[in-house]
Amino acid sequence: MKISPKKPVLAIGPLHPLQEEMEFFQLTVDGEIVTDIDVRIGFNHRGIEGISETLQFDQVPYLISRICGICSASHPLAFVQAVEELAGVTVPDRARYVRTIINELERIHSHVLWVGLAGHFIGYDTVFMWAWKYREPILDILEKITGNRNNYGNVKVGGCREDIDDSMIPEILKELDEIEKKMDMLIKAVLDDPILQARLKGVGVLTYEDAIKYAVTGPTARGSGVPIDVRRDDVYAAYGELDWNVIVQPEGDVFAKAVVRLLETMEAIKITRQALKKLPGGPIAVEVKEIPPGEAMGHTEAPRGETFHYVRSDGGNRPVRHKVRAPSYVNVPSFKASCVGANISDATITLASVDPCYSCTERLAVVGRNDKVICDGKELLRLSRARTEQMKKQMGYKEGFKFE
Amino acid sequence: MSFWMKYGLKKSPWVFHVNTGACNNCDIEIVDCLTPRFDVERLGVKLVGSPRHADALLVTGAVTAQAKPRLQEAYRQAAKPCVVFAIGACACDSGIFMPGYHMVGPVDKVIKEIDPNAIIAYVPGCPPKPEAMISGIVAALKAI
Amino acid sequence: MNLEELKNKINSISDQLIKIEETAPTRVYLSCEAEKVYNICKFLFEDVKARFVISTAIDADNCYEVIHHFAYDQLSTFINVKAFIRDRNKPLIESITPIIPGAEWIEREMHDTFGIEFNNHPNMKRLILADDWPQGICPLKKDYEFKKLR
Chain A
0 MKISPKKPVL AIGPLHPLQE EMEFFQLTVD GEIVTDIDVR IGFNHRGIEG ISETLQFDQV
60 PYLISRICGI CSASHPLAFV QAVEELAGVT VPDRARYVRT IINELERIHS HVLWVGLAGH
120 FIGYDTVFMW AWKYREPILD ILEKITGNRN NYGNVKVGGC REDIDDSMIP EILKELDEIE
180 KKMDMLIKAV LDDPILQARL KGVGVLTYED AIKYAVTGPT ARGSGVPIDV RRDDVYAAYG
240 ELDWNVIVQP EGDVFAKAVV RLLETMEAIK ITRQALKKLP GGPIAVEVKE IPPGEAMGHT
300 EAPRGETFHY VRSDGGNRPV RHKVRAPSYV NVPSFKASCV GANISDATIT LASVDPCYSC
360 TERLAVVGRN DKVICDGKEL LRLSRARTEQ MKKQMGYKEG FKFE
Chain B
0 MSFWMKYGLK KSPWVFHVNT GACNNCDIEI VDCLTPRFDV ERLGVKLVGS PRHADALLVT
60 GAVTAQAKPR LQEAYRQAAK PCVVFAIGAC ACDSGIFMPG YHMVGPVDKV IKEIDPNAII
120 AYVPGCPPKP EAMISGIVAA LKAI
Chain C
0 MNLEELKNKI NSISDQLIKI EETAPTRVYL SCEAEKVYNI CKFLFEDVKA RFVISTAIDA
60 DNCYEVIHHF AYDQLSTFIN VKAFIRDRNK PLIESITPII PGAEWIEREM HDTFGIEFNN
120 HPNMKRLILA DDWPQGICPL KKDYEFKKLR
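Chains as they are written, first to last, in numbering that gives the first Met the number 0: chain A, 0 to 403; chain B, 0 to 143; chain C, 0 to 149.
Incorrect hints may appear among the rest.
Ranges of calculated distance between the beta carbons of each label pair, as one might list FRET restraints [claimed, not checked]:
(1) Gly224/A / Asp114/B: 47 to 57 angstroms
(2) Ala131/B / Ile168/A: 53 to 63 angstroms
(3) Glu45/C / Lys6/A: 26 to 36 angstroms
(4) Lys6/A / Met123/C: 14 to 24 angstroms
(5) Ser11/B / Asp192/A: 26 to 36 angstroms
(6) Val47/B / Gly340/A: 29 to 39 angstroms
(7) Arg160/A / Ile143/B: 38 to 48 angstroms
(8) Ile113/B / Asp130/C: 16 to 26 angstroms
(9) Lys6/A / Ile98/C: 20 to 30 angstroms
Just so you know, these hints were derived from the structure itself, not from any lab. All C-beta atoms, glycine included, are put in the ideal place defined by N, C-alpha and C.
Could you put the whole structure together from the sequences, leaning on the hints where they help?
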């Protein structure tokens, strides 16, 4: 990239220890204010749409559950819904409930994971450790049901592969009660914390109009006051038969997104409990013999937003075209609206606020007017944390202050 | 390797994490190792922010064309001797993504292009459980 | 707006369409030629207030298809604008990024993987393929052979 002396560029990328995947951001800055942002992706481009066209309909769910390790229940579900629409199959009741339970457990663990990472970004490591500790029992439940902590591989065309054993249900309900208590404590601790409120309110605002223009979905949209939720708008699985609420916050800042995610975990616990109690009997799968030619779409509400799959079949045993849209694909470009005009020290948490499904980065090159300074990812984190410390001081917290 | 080099490598290995096209599963399980339930920091294993500080690279994911030069650069920067851990089925042999047009091959092939004598350890699984990762690291360090 | 009113509203632009197709009550396909796609998307996004979801490019037998998927959430309906690009040698279509900034990435991706050119796109740079990927090789076209390059 050409660097003109008048436009200092802050490059974040493409390797960073904080999050997971490679990603390359270029923030054009004026002093400490971000004036433009450019993103280069492709480090994780594996050509899944290409591979998918060489696999049979039965094999594709295994491939696409590995699109993203955290959304490994919602992607296959969206795909099989598209194929079921194509084949005109009605899924048995029990399978619909099992799908709901696994998707909601996935939502809890994903949102809790995000809260932990967000705490880490602004230098609040207590939240990070707490959140990741309380996430473990959920992974245990998932392991109990599906046999794996992630990548459940439980959805197939026509139903589910693994059933929930009825003898497990009381045990899972008991564990859910435990998790709910802990989550309640975590949510109160996070949302009532004056430092977090001061640090996150009014930061990285994505307005309602921008949210519509950039077509964002999921908690990012609901945090900006756009009331969309696929679970309610296009009812799938068993969501229509359960009692739950869509959480919407109008402010659009990072704090609103945190509120949406945290309250959604409580809703998810509620949904899981109801679904476990109502779990109907019967088979968990029907046989699907042939996929007729045609085209169909399936979408689900993944933890990060709407997952959309488009499938076209020519009557053979392989999809002719399979298009995948992951929620981060539309959420990430919205940085252009939310980051521009903000401070550099707010950039990390704004970038993290949409829960991007890739990682931050390790090396940032701060290019000044005439000279080039290279500092690593720690520098940006240090800036972010220094700001939190500064706020603590302003609010009268003394060094060594301990919470009771 | 001299005795002291081996000693330095085996005691309290600091690790650097490189994602070269993984699906986040292995990465999350790596972070899981660091958080309260498994807490490998009590054993001296620390996740560091730069490959220059690292004794070991934890590489996850089959290598994509765009990530290949970055992985080789990270390996070049790492202090030698350095152990490369290929974590997960994709890193060990490309796994389910083998036929993809954007893949250049498993981690060992890419690393051996620039250093034929690199020490590479494999932890298979999709994703390997945190227990498997810890036991893999212990087994590899014992074998050196 | 109920489903009837939505369909009436869509019928008001039927002179720009080739045909209106329904595979299910909530799945509407509007076929059109590539030149008309800008006006139709503008109508759907600004007048109908549909939400943009994503676009799909398909290498069909004798043409390229670009499908813009729009969702109308109040009625859980998908409205898909299917544009046919007849010229296979030099595929060109109008970009919708000027009205919907959220379409920027997917148009860049279609340019990478199918070689479709987008008129008036503000930032047509390579997005997902590697920096050293050869120019003009489009991996999702049907004539691309797997492993030919690597």
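Hints versus structure:
| no. | hint | verdict |
| --- | --- | --- |
| 1 | Gly224/A / Asp114/B: 47 to 57 angstroms | holds (54 angstroms) |
| 2 | Ala131/B / Ile168/A: 53 to 63 angstroms | violated (29 angstroms) |
| 3 | Glu45/C / Lys6/A: 26 to 36 angstroms | holds (33 angstroms) |
| 4 | Lys6/A / Met123/C: 14 to 24 angstroms | holds (21 angstroms) |
| 5 | Ser11/B / Asp192/A: 26 to 36 angstroms | holds (34 angstroms) |
| 6 | Val47/B / Gly340/A: 29 to 39 angstroms | holds (34 angstroms) |
| 7 | Arg160/A / Ile143/B: 38 to 48 angstroms | holds (41 angstroms) |
| 8 | Ile113/B / Asp130/C: 16 to 26 angstroms | holds (18 angstroms) |
| 9 | Lys6/A / Ile98/C: 20 to 30 angstroms | holds (28 angstroms) |
Checked against the numbered hints above, the structure breaks only hint 2 and satisfies the rest.
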